[in-house]
Amino acid sequence: MNPLIRLRGVEKRVPAGGAYHYLLRQVDLEVDRGEFVTVMGPSGAGKSTLLAILGLLDADWTGEYHLDGEAMHGLAPKRRQALARERIGIVFQQYHLLDDLTVAENLDIPLSYRNVKSSERAALVADTLDRFGIVAKKDLYPRQLSGGQQQLVGVARALIGRPAILLADEPTGNLHSSQAREIMEMFRRINGEGTTIVQVSHSAENAAYGNRVIELKDGWVVSGGVSARAGMQ
Amino acid sequence: MEHLWQDLRYALRTFAKQPTFALTAILTLALGIGANTAIFGVVNSVLLRPLPFPEPHELALLWGRYPDFGRTSTSAPDFRDWREGVAAFEHLSAFTQGSINLAGGGEPEQVRGARVTANFFQTLGVAPALGRTFVDGEDREGAADVVVIGDGLWRRRFAADPAMVGRTITINDRPFTVAGVMPPGFTSAGEDELWIPLDVEDPGYPRRGEFLTVVGRLRPGATLAQAQSQLDAVVGRLARQYPETNASIQGEVVSMQDDLVREARPALLIFTGAVALVLLIACANVANLLLARASARQREVAVRLALGASRGRLVRQLLTESVLLAVIGAGAGLILAAWALDALRASGTTFVPRLAEVRIDWMVTGYALALAVGTGILFGLAPAVRLVSAYGLPAALKEGARGATAGGLRLRNALVLGEAALAIVLLAGAGLLLRSFVRLNQVDMGFDPRGILTYELILPTARYPDEATLVPVIDRLVERTRGIPGVNAVAVSSDLPLESTNYLTFDLEGRVETTDGTGDVQPFRVTPEHFAVLGIPLRSGRLLAESDDASAPAVAVVNEELVRRFLGGQDPIGRRIQVSDGADSAATIVGVVGNVAQEGVSAAPYAQVYQPMAQGPTRGVRVAIRTAGEPLAIANQARAALAAVDPQLPLTKLRTMEDRLAGSLTQPRVSMAVLGVFALLALVLAAIGIYGVLSYAIARRTREIGIRIALGAQPGDVRRLVIGQGMRPVAGGVLLGVGGALLLTRLMQGLLYGVSPSDPGTLAGVALLLGAVALFATWLPARRATRVDALEALRAE
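Line by line, the protein sequences are chains A and B.
Residue 1 is where the first sequence starts when you use our numbering, and the numbers rise one by one after that.
Residue 1 is where the second sequence starts when you use our numbering, and the numbers rise one by one after that.
Because the hints were derived from the structure by calculation, they are not lab data.
Please note: incorrect hints may appear among the correct ones.
[To be verified] Derived list of chain B stretches under chain A, where covered just means 3 residues or more per stretch with a C-beta under 8 Å from a C-beta of chain A: (1) 21-32; (2) 700-709.
[Said to hold, decoys possible] Distance windows between CB atoms, simulated: (3) Y20(A) - T20(B): 32 to 40 Å; (4) V213(A) - A414(B): 49 to 57 Å; (5) V135(A) - G374(B): 55 to 63 Å.
[As the list claims (entries may be wrong)] Chain A residues, not near chain B, derived (Cβ > 10 Å throughout): (6) Y20; (7) D68; (8) A84; (9) D99; (10) E105; (11) P110; (12) L124; (13) A126; (14) R131; (15) H176; (16) S178; (17) M186; (18) E193; (19) E205; (20) G225.
All C-beta atoms, glycine included, are put in the ideal place defined by N, C-alpha and C.
Please take these sequences and the hints and turn them into a complete structure.
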């Protein structure tokens, strides 16, 4: 069976003082369905860059990227965005909730961009509020929530469209440890329900919730680029 | 004072650092203040500055008035009775204006002149620069022929001859002795250049031959109201004494200044309102610019506050900047205003009186400066107060240049809403004038103005003393002109369409008495081809013919309106009509023609009578030539034809009939053009305002848009979001503006023709226009928003 994500020779560079600075170098990577992978490495190693490429937010790179067998390299922007909408949910370190919208409205946004019918959307939002235990908060604005609650909404928003992959960039970076644990427990549960998770984290504790660690340094994959199953073959 | 200098220096440095901001603001203000200054320049000269006569408030004009027809000149017998009966006036004089043939001292020419009673200059209170004016009795039968000339004529034609007084010049072929020269700038109504005495004492003048304009000077202490009541008493007495001629005539006393600006005042007041709206829009735009800049200046203000500046001191500094911007804008605006006034003068419009006196003087400059200070405070205060009060000191220092608050955006949206509303009002005004103008151009005037060359001519008494000499010279002129290649037909008439004409009473066989309006007709003397040249259609009977000459029975052609009004639609052919123009006998009606617009394109049809020139020639004549090609192409041949008939006759107002028509549409055209320019300005300024607010809003929302894109928003979603945000205040403004337009355009009623002030088509049209322009203004920032790089936007956090 094909891996869900497969990167071959992916490189990312940015111009710097007449030459180029490489953010990622020759990245080979595979993630299978149902895995919970943590990308680790020091600051500037290229973790967030890798996540942006995986999340199809960044199209300016070279190499090959197959998502569920489909080539993402050289894909038309429209198709790429459509795939991102359908398959991928993203959780940000800064939550990135929209300040002027209530919790329920924040959850509704990704659905509104997926042309889901409004009756269906209301049902999905209600379900998700329920599933994440935030029904009581549905009419509050982000500034009325604690950091942990905001990130809970951020995760709920990333998952409401039932993506195959959840990408999380330092999801607990701004949270107290107890709040961080809650989010990680939540990730474990989601992963158990079948969602593939790739998270970027500095924390070994967080990494322990996953089944594999990929280590980056100066843009190179140092270890863990290929799953255990793939490694055995 | 030291603070002021410091603030000014700092302000100039700030402008130099942000030249785009400063230039945009200054240009916007220059347009707004310039438009206001130009209109004030006109209003100041025309409505506010007193007439150039001593004690101008004592001067008044006296008019007759028919209840249904309006004001009219006065007959000599009525004038004499008024003079006796209205004691409130110290002097009461009369004059009549016209063209005068002038010879001696160069080529013969026609000039504007007036025949005046001897006390005319005394009434106005103006002394001559050289010699004297008229003395008592000089306007009586048998007195020597004397003339007073104007400064312009004296310089132009007589090279400012210091020995002018006593010289003899030839007027209408008679020698006149120059009695005096008036000072520069003196003119009676119109552009009169010479004045000769007028005898109003002749008992032969009929009661209803109205040709005099009456001007009076009140006794010290007397009021217009007293004069009016005395005139009412005289007019009432005349009505009883002469019921046949004076029963329906009333009298009216109007201050001379008010009378002069009677027609221009409504338009000028509307222009004043319009430029005020333009300035408000300009202020809203600059306020928007300042608000946008305010968010970038939060840190500066916070630091200043931290260093101990009081909030009042900071507001003063910020206001100094905005007033300085406005003053620089006013300087540029004065230049724009001077250009605009040059353009207005060059347009040759006559509906604004005293246009030649309009200039940028100290009064106008002071107005512009006062306006600058006022607008500087108006558009600067809200942003300044918001800047120094909205942000808590520590937060501002910590957050540095973070975006402004939602409150700032609300204020800016309110400004956009206001701009849109004001622009709609102006556009509606301009749109209504445009529709009126189109309607006026579509009016069936009853004749075809295309392909006709016209000119005017006076046949002086000295060379053509009677009908026996007048008729042949007109015949020769027609014949000679008809011989020019490319000429299809030639007519000589007493009046052409679209010029003011005489109104005479008349007798008509089988006349039905009417109650609406007066019982007058517009009488014309014409040569037979008049109808062919002007394309006036024959409705029944026949037109005038060459055979209807002096020896033939008197005949007349009447128009449909006369038949409708005075004969109740009965067949007029064969009936006898006699117009009280001194003709000996009644004429037989031989034909009916269509109605022709006479007093103006939009005037209601009036009863008209055409009689053969050969049976009663006039001295002042118009020559109309229908040509196969471009009329002006034969102008020189037309001159030559006249010179061949009589080289002494000066020809004036040589132009095409279409030019005459354009002249009679000057007032609506100028009104439309002026208001159109202002409306266009408003539209452009409003578009810039909407664009500015939205660009700013997009910059503020980059992060939000980035998140939305990261969450799957497509370009269409982002565009809809941004355009929706931009168009909401515009839509509110359009609604408000339509409401405002419905209230305000009613004031324009008098300037409109054939269109209602609340015309739904116009309102819908301008709403759509503004909507389309606003949509374009929002589309640019919207397009930019779709290009937000989600990654960049999220990282910037």
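Verification of the hints:
1. Requiring three or more residues with a Cβ within less than 8 Å of a Cβ of chain A, the coverage given for the segment 21-32 of chain B is violated, as only 0 such residues are present.
2. Here's how the segment 700-709 of chain B fares: 4 of its residues keep a CB closer than 8 Å to some CB of chain A, so the rule of at least three is met and the hint holds.
3. Taking the beta carbon of each, Y20(A) and T20(B) are about 34 Å apart, inside 32 to 40 Å as hinted.
4. In this structure the supplied range 49 to 57 Å holds for V213(A) paired with A414(B), their Cβ-Cβ distance being about 55 Å.
5. Hint check: V135(A) to G374(B), Cβ distance near 57 Å, so the stated range 55 to 63 Å holds.
6. The beta carbon of Y20(A) sits about 18 Å from the closest Cβ of chain B, which is more than 10 Å, so the claim that it is off the interface holds.
7. Every CB of chain B is more than 10 Å from the CB of D68(A) (nearest about 18 Å), matching its label as outside the interface.
8. With a least CB separation of 7 Å from chain B, A84(A) falls inside the 10 Å interface cut-off, contrary to its annotation.
9. Consistency note on D99(A): stated as away from chain B, yet its beta-carbon is not over 10 Å from all of that chain's, at 8 Å minimum.
10. Distance to chain B confirms E105(A) as a non-interface residue, since its nearest Cβ pair spans about 12 Å, more than 10 Å.
11. A cut-off of 10 Å between C-beta atoms contradicts the statement that P110(A) is not in contact with chain B; the least separation is 5 Å.
12. The non-interface label for L124(A) is consistent with chain B: the shortest C-beta to C-beta separation is roughly 14 Å, beyond 10 Å.
13. Consistency note on A126(A): stated as away from chain B, and its beta-carbon is indeed over 10 Å from all of that chain's, at 19 Å minimum.
14. At the 10 Å boundary, the C-beta of R131(A) stays outside the reach of chain B, the nearest C-beta of that chain being 19 Å off.
15. Separation of H176(A) from chain B is adequate, the least Cβ-Cβ distance of about 20 Å exceeding the 10 Å criterion.
16. Residue placement check: S178(A) keeps its beta carbon more than 10 Å from all beta carbons of chain B (closest about 25 Å).
17. No Cβ of chain B approaches the Cβ of M186(A) within 10 Å, the least distance being about 19 Å, so the stated non-interface status holds.
18. The claim that E193(A) is not at the interface with chain B holds, since no C-beta of that chain comes within 10 Å of its own (minimum 21 Å).
19. Distance check for E205(A) against chain B: the nearest CB is about 25 Å away, which clears 10 Å, and the non-interface claim stands.
20. Look at G225(A): its CB is around 23 Å from the nearest CB on chain B, clear of 10 Å, so calling it non-interface holds up.
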